[in-house]
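Student: Go ahead and model the full structure; you've got the sequences and the hints to work with.
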Amino acid sequence: MKPLTVDSVNAPADAGIPWLAELRRQGLEAFQQLEMPSSVEEEWRYVDLDFDLADLSLADGPGAPMAPGEYAIPSNGHATIVDGTVVDVDSPAEISVMAIGDADPALLADAGGSAIPADLDRFAAAHYGFGGDAIVVHAAKAAVAEAPVFIDVQAVTPGTLSLPRVVLVAETQSELSVVVVYRSPDEGEFHVVPHLQATVGDNARLKVTTVQAWGSATTAIGQQRVVLGRDAHLHHGEAGIGGALGRLHFIVDIDGPGAHSEITGLYFGEDDQVLDYRAFINHRAPHTTSNMFLKGAVEDASHSVFTGLIRIEEVAQRVDAYQTNRNLVLSDDAGAESVPNLEILANDVKCGHASTVGPLDADQRYYLMSRGLDRIHADRLQVRGFFEEAIGRMPHPELAEPIRAAVNDKYVRAQEEGRL
Amino acid sequence: MTTALEVRDLRASIGSVEILKGLDLEVGFGELHVIMGPNGSGKSTLCHVLMGKTDYQATGSAVVAGHELMGEDVETRARLGVAAAFQYPTEIPGVTLRELLEELAEQRSDGADIRARIDEAAVRLDATRFLDRPVNEGLSGGEKKRSEIFQLAVLAPRVAVLDEIDSGLDVDAVREVAEAVEVMRGPDVGVLLITHYNRILKYLKPDRVHVMVAGTIVQSGGPELAEELEDSGYADLVAQFGGVAPEAPEGDFLAGL
Ligand SMILES: Nc1ncnc2c1ncn2[C@@H]1O[C@H](COP(=O)(O)OP(=O)(O)OP(=O)(O)O)[C@@H](O)[C@H]1O
Ligand SMILES: [Mg+2]
Numbered sequence: 229m230k231p232l233t234v235d236s237v238n239a240p241a242d243a244g245i246p247w248l249a250e251l252r253r254q255g256l257e258a259f260q261q262l263e264m265p266s267s268v269e270e271e272w273r274y275v276d277l278d279f280d281l282a283d284l285s286l287a288d289g290p291g292a293p294m295a296p297g298e299y300a301i302p303s304n305g306h307a308t309i310v311d312g313t314v315v316d317v318d319s320p321a322e323i324s325v326m327a328i329g330d331a332d333p334a335l336l337a338d339a340g341g342s343a344i345p346a347d348l349d350r351f352a353a354a355h356y357g358f359g360g361d362a363i364v365v366h367a368a369k370a371a372v373a374e375a376p377v378f379i380d381v382q383a384v385t386p387g388t389l390s391l392p393r394v395v396l397v398a399e400t401q402s403e404l405s406v407v408v409v410y411r412s413p414d415e416g417e418f419h420v421v422p423h424l425q426a427t428v429g430d431n432a433r434l435k436v437t438t439v440q441a442w443g444s445a446t447t448a449i450g451q452q453r454v455v456l457g458r459d460a461h462l463h464h465g466e467a468g469i470g471g472a473l474g475r476l477h478f479i480v481d482i483d484g485p486g487a488h489s490e491i492t493g494l495y496f497g498e499d500d501q502v503l504d505y506r507a508f509i510n511h512r513a514p515h516t517t518s519n520m521f522l523k524g525a526v527e528d529a530s531h532s533v534f535t536g537l538i539r540i541e542e543v544a545q546r547v548d549a550y551q552t553n554r555n556l557v558l559s560d561d562a563g564a565e566s567v568p569n570l571e572i573l574a575n576d577v578k579c580g581h582a583s584t585v586g587p588l589d590a591d592q593r594y595y596l597m598s599r600g601l602d603r604i605h606a607d608r609l610q611v612r613g614f615f616e617e618a619i620g621r622m623p624h625p626e627l628a629e630p631i632r633a634a635v636n637d638k639y640v641r642a643q644e645e646g647r648l
Numbered sequence: 039m040t041t042a043l044e045v046r047d048l049r050a051s052i053g054s055v056e057i058l059k060g061l062d063l064e065v066g067f068g069e070l071h072v073i074m075g076p077n078g079s080g081k082s083t084l085c086h087v088l089m090g091k092t093d094y095q096a097t098g099s100a101v102v103a104g105h106e107l108m109g110e111d112v113e114t115r116a117r118l119g120v121a122a123a124f125q126y127p128t129e130i131p132g133v134t135l136r137e138l139l140e141e142l143a144e145q146r147s148d149g150a151d152i153r154a155r156i157d158e159a160a161v162r163l164d165a166t167r168f169l170d171r172p173v174n175e176g177l178s179g180g181e182k183k184r185s186e187i188f189q190l191a192v193l194a195p196r197v198a199v200l201d202e203i204d205s206g207l208d209v210d211a212v213r214e215v216a217e218a219v220e221v222m223r224g225p226d227v228g229v230l231l232i233t234h235y236n237r238i239l240k241y242l243k244p245d246r247v248h249v250m251v252a253g254t255i256v257q258s259g260g261p262e263l264a265e266e267l268e269d270s271g272y273a274d275l276v277a278q279f280g281g282v283a284p285e286a287p288e289g290d291f292l293a294g295l
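Chains as they are written, first to last, in my numbering: chain A, 229 to 648; chain B, 39 to 295.
These aren't lab readings, by the way, just hints derived from the structure by calculation. Computed from a predicted structure; not experimentally measured. Be careful, since some hints might not be right.
[Said to hold, decoys possible] Examples of chain B residues lying across from chain A (beta carbon under 8 angstroms, computed): (1) Met89; (2) Pro131; (3) Gln145; (4) Asp148.
[What the hints assert, rightly or not] Each pair of labels, with its calculated beta carbon distance range: (5) Thr114(B) to Glu298(A): 31 to 39 angstroms; (6) His105(B) to Ser444(A): 53 to 61 angstroms; (7) Gly206(B) to Glu270(A): 27 to 35 angstroms; (8) Glu644(A) to His234(B): 45 to 53 angstroms; (9) Gly206(B) to Arg632(A): 33 to 41 angstroms; (10) Arg171(B) to Ser444(A): 34 to 42 angstroms; (11) Val640(A) to Arg171(B): 44 to 52 angstroms; (12) Gly206(B) to Leu648(A): 35 to 43 angstroms.
No residue lacks a Cβ here, since even glycine has one placed at the ideal position from N, Cα and C.
Tutor: Following this line, the structure appears as structure tokens:
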């Protein structure tokens, strides 16, 4: 295994891409300067980080890939990245799917604009400093691919850190559809700092679903950024259903006038899982719209956190932005925090948020039981309905069934085992 | 032969506020009884207390086809044959009416009968159009009532409590709902219909009409009572038996204690 030292990544696959080379340099530098975040910091107050990245090691090479899982869907092109290394690529006709080492740097000239800053935190720094391989999905101008590209991101070698990266580029007027599934076995400890970045050009559309199906002893500190051009359209779905600690820091920069960002997510925490979502929606151009709809449930002693910031810059007049976060707390020891924030510098905007945290609704239970359902099945139906609202708005209907099954099974199992 | 519903000295309160103050009522099988009464007199509370809503502290007795309801949970009461059409039906986001009834059919040994009634009643009561929509969500006032009567037709209860099932319905819908009540009513079923209006009674033949004021039945009579009330209103009865005023006299209605 390779420790995190300067020479542990001596010939990165992406060396030919200038902006990545620069981020790599910055990352190495920042890694020396930045400390592990501590829970005294507001940003990290709900997270207990009991490790230091410096003590972790990278796998020497990719381990044996996992068998196809429940989220494998019919796709149009696919790629697999194992322990941070691209192992398998199948590129369809309409668009290009490739390992970053095989990509023409000219294709990725603009992609640097959607990279997470290297000094965001020690995790981002490590990602750039010691990561290297990436999957690139590129839709050329006006290219249209209906069926999704399927990207399978795996961590399989226990005890390792992996730093996988996915780079999406949808050029002007193109339509790109991508499903990214993150997974690792339940057995063994894993640390992962995955990055996903997307550049959506003028009039282009990106549909992307990310499924966090990490194993139960995996710590995943994910970072994501999407940049939208003029009249660009993002439809992003996120499902958080695994991991010991799942944190996702995601940024949407709405830079082009008329662009729209639609984000729908759900999460379900069990055991002593911590799910920590930090969303930053930045309206930086006029006539832009965004909507975020996030639903989560926590049971056992799990905790979820949603911190959402909608920031509307002074230039961004006529913006319409909304954020909804609803949480079901199913056990006494479980907890959910919901902290929506608005930062509005423009004066002609429509902006709002709704956030709730609470147990199952007593009136719904009463109504369902009055129709003859026992309490167990009434509650099951209510939980199902709660998530159904989110599932129905997600971008890839082909993932609805496995996602539905994953969340509902968690609840049914907890009911059957008397854990609620 | 047992009665469909026999209520004795039913009391219910929320906190220190007593809403039902010793209510007696008997509905035979095959009978249709109507309850009228001013706003806030406790009619919906009666409906919820019979169904077993836990918001109320309730005492007394309510027996359905020989089975005591008090102390049982909501589902058990439903199994014993009580069903209620609510005045304000609850929205169940993300769960369609079909899923709800299908789930019930799955749980029940008579699931096949339930499924057959879903198909039959959906057509008869024009409910197909919201069968695949979330329960009560976004339905108009009248559609919610239609959904409630449809669900009751599927549940086929022994005792049906219909709380303002006719409110907010257009003229044609009132007739259809009245017909549905007639279909539901049968030799094995008792119906308790709470209403403010005579118009649904044009299509139905109630056996008894009761007036509820301040948590008790203060007057009972035949169908003609409903018409009299339409003219006279409740003012005299409220003056006599008390409405909102907490110190209102309660007459002989507590005499049996
Ligand atoms: N959950 C509750 N919390 C507080 N007060 C309640 C509750 N339920 C009923 N009440 C009170 O009890 C009284 C009776 O209410 P109820 O809804 O039973 O009246 P009603 O006869 O059905 O009136 P309406 O004709 O307007 O439907 C009212 O004063 C009401 O405010
Ligand atoms: Mg009422």
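Student: All hints are to be evaluated individually against the structure, with a verdict given for each.
Tutor: For each hint, the structure was consulted:
With a cut of 8 angstroms, the hint placing Met89(B) at the interface with chain A holds, because the nearest CB-to-CB distance is about 5 angstroms. A least Cβ separation of about 5 angstroms between Pro131(B) and chain A falls short of the 8 angstroms threshold, and the interface hint therefore holds. Because the smallest distance between the Cβ of Gln145(B) and any Cβ of chain A comes to about 6 angstroms, under 8 angstroms, the interface hint for this residue holds. Contact between Asp148(B) and chain A, as hinted, is not supported at the beta carbon level, the nearest pair being about 11 angstroms apart and thus beyond 8 angstroms.
Distance hint check: the CB atoms of Thr114(B) and Glu298(A) are about 38 angstroms apart, consistent with the given range 31 to 39 angstroms. For the hinted restraint 53 to 61 angstroms between His105(B) and Ser444(A), the CB-CB distance of approximately 47 angstroms leaves it violated. Against the hinted window of 27 to 35 angstroms, the Cβ-Cβ separation of Gly206(B) and Glu270(A) comes to about 50 angstroms, which falls outside the hint. At roughly 46 angstroms, the beta-carbon separation of Glu644(A) and His234(B) lies within the given 45 to 53 angstroms, and the hint holds.
For Gly206(B) paired with Arg632(A), a C-beta distance near 35 angstroms keeps the hint of 33 to 41 angstroms intact. As the Cβ distance of Arg171(B) to Ser444(A) is approximately 38 angstroms, the hint placing it in 34 to 42 angstroms holds. At roughly 25 angstroms, the beta-carbon separation of Val640(A) and Arg171(B) lies outside the given 44 to 52 angstroms, and the hint is violated. Checked against the hint of 35 to 43 angstroms, the pair Gly206(B) and Leu648(A) passes, with Cβ atoms roughly 38 angstroms apart.
Comparing the model with each earlier hint shows violations of hints 4, 6, 7, 11; every other hint is respected.
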